[in-house]
Amino acid sequence: MITLSHYLILSAILFCIGLVGIYRRKNLLMLLFSTEILLNATNVGFAAISKFYGDLTGQMFAFFIVAVAASEVAVGLGLMIVWYKRRGTLDIDSMQSMHG
Amino acid sequence: MDHILSVLVFFPAVAALLGFVVSKDSIRAYGISVALIEFLLSIWLWMSFDGGYPGMQFVEMLPLIPSFGISYYLGVDGISLFIVILSTFITLIGLIALSVKNDIKNMIISLLFLEMTMVGVFVSLDAIVFYVFWELSLVPMLYIIGAWGGNLRIYAAVKFFLYTFAGSLIMLVGMLVMAYLYYQATGVWSFSITEWHRLILPMNYQIWLFVAFFIGLAIKVPMFPFHTWLPYAHGQAPTIGSIILAAVLLKMGTYGLVRLPLPMFPDASVYMITPVAVLSLIMIIYTAMVAYAQEDMKQVVAYSSISHMGVIVLGTFAMNPEGISGSVFFMLSHGIVSGALFMLVGVIYDRRQTKLMSEFGGLAKVMPRYATIMGIMVMASVGLPLTMSFVGEFLSLVGFYQVSPVMTILAGTSIILGAVYMLSLYRKSFFGEVVHEKNRDLEDLNGKESMALWSLVLVTVWLGIYPKPVLGPINNSVESLVSFMHEKSITDEAKKVIKPTVIEREAE
Amino acid sequence: MFEAIAFYLFSAVTISMFIITVMSKNALYSMSALAAGMIMISGFFFLLDADFLGVVQIIVYTGAVMALYAFGMMFFDATRDVKENIRAPKLVFLLSGMTALLLVLAFVAPIVSDHIQALYPVVDGVENPQAVGIVLFTKYLVPFEVAAVMLLVAMIAGIILAGKKMDESLTLKIDGDEEFQNKGSK
Amino acid sequence: MLEPISVSLESLNLGTLAPMLVAIGGGLGILIIDLIKRDLDKSLYVMLSVLVLFVDLGIVLGLQAGERGFFDIMLIDGVAILSQIVILAASMLFIPLALTSKRFHEFSYPEFFALFLFMVAGFQFMVATDNLILIFVGLETASLALYTLIALHNREKSFEAAVKYFIMGALAAGFYVMGAMILYALTGSVEIYKIEEVLIAGDYANLTILFVGFAFLIAALGFKLSMVPFHTWTPDVYEGASAALAGYMSIVPKIAGFVVAMRIFEFMIHSDVIWLRDVLYVVIVLTMTLPNIMALVQRDVKRMLAFSSVSHAGFAMAAIMIGTTAANSALFLYWTLFLFTNLGAFTMLWISRHKESRWHIRYDHPYEKFSGMIQIMPVGAVLMALFMLSLAGVPPFSVFWGKLYLMSEAVNNDYIILALIMAINSAISAYYYLKLIVYMFLKSPEENDGTIYMKNASRPLQTIIGLSVILTVFAVLGVEPMMDVITAYIKVSGF
Amino acid sequence: MEAYLYTALFAPFVGSLFAAMFSNRPKNLVAGIAASTLLFVSWISSVVLLLHVAHGEVVHVKMMDWIQAGGLAIPFGFVVDQVSATMMFVVTTVSTVVHVYSIGYMDHDKSFNRFFAWLSAFVFSMMILVMSDNFAGLFIGWEGVGLCSWALIGFWYERDSASWAASEAFIMNRIADLGMLIGIFLVYWNFGSLQYDVVFSQVNGMESSILMLVTAFLFIGAMGKSAQFPLHTWLADAMEGPTPVSALIHAATMVTAGVYLVIRANPLYGEVPEVSHFIAGLGAFVAIFAASMALVNRDLKRIIAYSTLSQLGYMFVAAGLGAYWIALFHLMTHAFFKALLFLGAGNVMHAMNDELDIFKMGGLAKKMKWTMIMMTLASLALAGIYPFAGFFSKDKILEAAFATEHYVLWTTLWVTAGLTAFYSFRLVMLVFFGEERYKIFGFHPHEAYKYMLWAMAPLAVLAVIAGFFEHDFVHFVSNMLPIEEYHVSSSTFWTLVAVTLGIAVTGIAVAVFAYSRGGFSKKLEKTFIYKLLFNQYYIPKLYDDFICKPYAEISRIFWKDLDLKVVDATVDLIAGTIYKLGMVSRVVQSGNLSNMLRWMGVGLLALLLAAILYSPIR
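Chains as they are written, first to last, in this note's numbering: chain A, 919 to 1018; chain B, -19 to 488; chain C, 128 to 313; chain D, 113 to 607; chain E, 158 to 775.
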């Protein structure tokens, strides 16, 4: 029997995969991918809770998360394009002019 | 007349603001006139002061933040009156003898601001207003030390600022706790010091609060382990800065002791007498010895200043009218005398650009008038009778003798050690043959210096011979303070130690 | 039973897809894996009776987001392998592994609560999109509109950031500087 | 079967939505004007924005506290009104900073102002609701706009700042939704009052999961409020952004964050679960201390101010941890007073902004730049010194009163150690503020032309500075009335 | 009478101020004359007062309040009773003489005016000291004379030794003054007042332990001013000052202030025999101790200084034995002949161009007949030869010692009497008689100005005749001081006189005999005792090595090592550590986005750990 806990654990695992990506990757695009994973991981959780509690709010939240994710992609890609135009790379090691 | 204190506080500030438009050539005259008017105002204050009434006079009260109990609350009693006059007087004298050449406009404007803060500290009766002026006084002083000082001036100035600032923040926490306890006891917020005085606290609260207040004040005094900013500040400050620092700013600390922790926490004060006295003793003896080792005239005076402040603190903690009156009076005399000494060192520094004693010798021959005044002031610093210092030192020690004879004897070594370093200073610089060629044709005191210095000498001697006009009002207020503390104290020990006057004075 | 099989199957695929996404050196692989993962997630949504959400997921991610990424990647020339200098990879796994462990630990315990009540209950016999629509356009109308604004913001942001005007910076151009202008005209 | 839904307009309580609608409408209006006629001057847009914000503010002031609207998703309580007032006032004070004498890239876009207004609307949504979804959406709207605004400054550092902020923001968003998900899982609701009810009814069962959820929320809000160790973006972003925007960022997003934090944390703090209080205590102490220490070694004034604003945020956060009505009032007072001073300080930096790297290859405002300023531009030096002293907490300037109230609240609620830590931190912080004063007053000038410090100083900017000087210096007169208003509002909202 | 009192008191002050006005100007004879005249006025007033109080009346005035704080009320009050009148008479007499003498002595000095300013100021201080009606007033004068003594010892401040001696004198006195101050504090807290009359009236009810402390501490003060062991070294060094100063301050007046204090406070000392005995013992010790150092010294003025010290010892013996009037009497006679001796020495120095080594003199009698006569007179008085003044007073002291059965004291004093006679005449012989050694060194001695000699004349007369006023004196002071009749049989009395006179005459004879034939053999100079005596028992060296140098060294260590390297360094270390922490914690701000994200991860993990591990429920 699949309980809520199963879904929550799945959600947690997916989330942590996203975290691995966030912590590990140096490419901006990859970081953006990882943030998508983070958001989607919670979406699963929300949908599951929604189902198990019979409440639609979770689906609403998931819906808005999808919207936010999409917006982030747009802005993120915009920023990346600007950066890429300037520097020709998306590696975050190239952006260390500010430190200390 | 009702607002004379406000006028006294804000007149210099307003004058300083207006000073921005005064032309550079006349700013000096402007500064002196302002300081003179301010001084005359303070004299007027004295004249209209009722010396027989021990409580607060010329009280002004204007709620600033009523819901939090903060109000613009001013007033003077015998204790603060004369320190106010000291501040205005020293500012005036300092301005007359001012020898700074560059950026004189900024200097005078900052001095006038400084005057506002000094007067403000001494007349404010609201803890927050007190704190405001207390902190504000750091700013112009920072500028004066930092902008016109010696090579290490920035280090010295920042050290001075941060040290005092850190201490006073701890005091601020103490104030907030005090206000809260007051609130708990009465249900009303108040930062009025006179209200706080009436609050009776349990012993453990008293001790912690005492410590909080004491740290803030002790750094300003400066008490022994916290004193190291002072030699730097003095060593680097321009003459005028040292004069005001020694004469007035340090007094904020000791004045604060009399005004805040003592009446607020009489039991804790009694409880803490021994540690405080030990610190004071260390301060007296140790700094006197350090003073003896100095090579720089100004440092000698600076350390001597610390040493004397030790006696003042000791007198404050005598917990009897003799000691406290004495220490308040000693504050005044120390203000005048150390101010004069710093001015004197400044005179020679202006001429030779050095303060090292080894650079001098035989100055008595070259600059006899200078040597005379220096001699008088050295002797005053040493605490010779018929100078102001003696009255203060004598009373402080008399007072503390009642608390602890042994410690008084140790503290009394200040009169010996003081003589040791002061005479050695005088001997090294003024006696002997003129060794350095440069010293051979030094100019003796000029008019403005003479005027400034002689007026200090005059005050020193006048109040040494006839201290009554000043000591009387001080004593009245102090006596009522001590009997108040006696009444208020809760422990038996405090009741025993705090001794209001018992001996009936002859009917006059 | 079907649910269990589906769950584990989808879980396995999703997890592996996402692992590929975060581990792959090739951006294209990553993107494809991400898209696959997204679709798998929509599978969960269907599994969880959130049909509308599932559809939205597919449309938005595989339709819009992936298209955007694809465009972006064309721009970035992402066919080459991504060269990354990954420092302290152990730390990465330690951090995420610990986080995962703690989260799993926390979630293993079933949530016990008697006080949970569905505010917007799933009504029997109402299709999911319909129910969602009702809630979305009553209770969540404001967030919905705000999301619209957000998308507008994102659109504007995307347009002006990627637009041509950003190529020449007024911020860096020194006004009134003759020399600079001369240089510019040459 | 579904019944038809009938909703009366009354029950929607549209007034609760009006302020945001004004801002959004204003933003759209600006976009439309731009469509109709290109190349209109930025001053038009600035003034339009100010007007829109003014109308917005007027509506906010007209709101009654304690209302809900739109299916109870909008929550107009005292805190919401109060924070909207701060947000709008700050926005109105900061947006005229676009009227520089020099031309900067971002102001050539009408979209800049539209985004600005959308961002304000986003913040307003964030504070005017207790629904985690709307908070999230509002937050993202504002954040996305803010990232763009930073990047629009259009130089490499700005992009870098924007990207860093963006990626970290995305991670924080992930934290936020995770936290929200856990709360939802625990309570079946995403409305804070409901969450509170359920938790209290269940007597805080499932404590560990609850804490995990709060851990995520603390992390997410910690990012927004720049709590250590989620603060690392702050200095870089402030450095990369224009001084005007940096100043804005030091105030507005944070007040919005504080309100959210207040809404989410307050019920836990008032409960007898001490975990949150302890964790926040540690975070707050770290946030006050660590950036303070790092600020000591900075070489750039703007970067120093960034660290200092992190530390100030720690101070303010303490109020939330203390959690009494008075403490929360103190937070608003503190932040308002901080606004006055920070406005002045950042504006001073802004008017002295040069396009070329005159003093330092990296920094716009290295300390050396201000060396000997008293000699060549005395008024500027004095004003800057005033702002620095105020930030350091020297009385009677504005921030002092905020600190006074905050420390007093700490003391009143038996957080004496916290009060002492605050005091010590104030003392430490004095060093770096003082450093600027030292440079300005005590060092000899490197330049001898005073006008270099006011290259950007157009009349409106000077007015702004004048205003902030007056507000900073005479703050004491305003404390009582402000406190009256704030306390009244806070009391109404029950915090 | 008040007018006389104020005249006596303030005339010197006016003189001082008058001279001080010219202090930075070239020599102005008027300054000297005016100061002398005013002193003369003061003298007349003193004499009038003396005669007035001889009738048993006491003049007591309160000029004004000085310090009033708490229970402490100190006025400027002055009292002229028999004791103070005697002192005033002595002080004004000697000072008038010295003033007039100084006009000649300081003739060529360019700081002539300054000299008179200080000298008159000294007299003023001394008058305050003796006339004050309370301990605080006494202390004013006490410190005032200290100050003037400092200024006058260091009068020739170009000379390093002079300025050093001045400082030494001042500091030594300050050490004693601390004791005095403590004594005053004790008096105040136990008697509630500092007025003599109030204090003395309460003596009976006091615990003896308190009285003991009071008297002991006051005596410490007296020890300093009167240069008693171990605070005696400054007196010999004080001879760096001009000779009139030595005559006035360091022989006749200031150094006797300690004796005066004990006499003045006799109601207190009378109650505590322990302290009194100590005083007597110390006095006797100092008498022989100082006399022994005088035996071998080669310095004209130092010899006289040691003899002063020795005589002060005598006075303290008398005072300690309760024979206060004898102490006062000896004080008076000693003032006359010792001042005379010093002034004579001044003449000699003048003649010898300030040469002080008596072995470079000799045979001066021919050139300086009158000086020789006066110095011989003074020496005879000092040696205690009948009928000179010293005989009467000194003999009384020995008698008192014997009568009170303090035989050890008596023996000591008796031996000292012999030593005194010896070194006095050793000096006279070496200076005025024998070989004219000065010629080798190229000196051209000459007699002093006439009026200087005339000025000395009154002292010479007094030195001769003062002793005959003994009975009048006893009668005079009987109101104030306890007069104890010593009951010794007349045979014993005469035996004592004979024995005393005998040893004095023997001493003189030995000196005259030995030095008329060229002195003792040089071998003696090699002996340990000679060296010990010549180096003043190594005490100055001891002080230097074990007090001055360590003090300077410790001071330096305190400053350089403790203050700078510990106290201040700690403060800086705290500041530095915080700053360094800042440097270290910059690592967090590496600027690398990946690191920043990881920091967020760390934060999250920490929070999660806190959530899972640290969840104390409620």
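Since the hints were made in silico from the structure, they are not lab data. Please note: incorrect hints may appear among the correct ones.
As the list claims (entries may be wrong) - Derived, one-sided and incomplete: chain D residues facing chain C with beta-carbon distance under 8 Å:
no.: 1; residue: Met186
no.: 2; residue: Leu256
no.: 3; residue: Leu319
no.: 4; residue: Thr320
no.: 5; residue: Pro490
Keep in mind it's a predicted model, so treat the numbers as computed, not measured. By construction, the Cβ of each residue, glycine as well, lies at the ideal position given by its N, Cα and C atoms.
A quick look at each hint next to the structure:
1. Met186: Hint holds; D/Met186 Cβ to chain C Cβ min 7 Å, cut 8 Å.
2. Leu256: holds, 5 Å
3. Leu319: Result: violated, 10 Å to nearest chain C Cβ.
4. Thr320: Since chain C brings a Cβ to about 5 Å from D/Thr320, closer than 8 Å, the hint holds.
5. Pro490: violated, 26 Å
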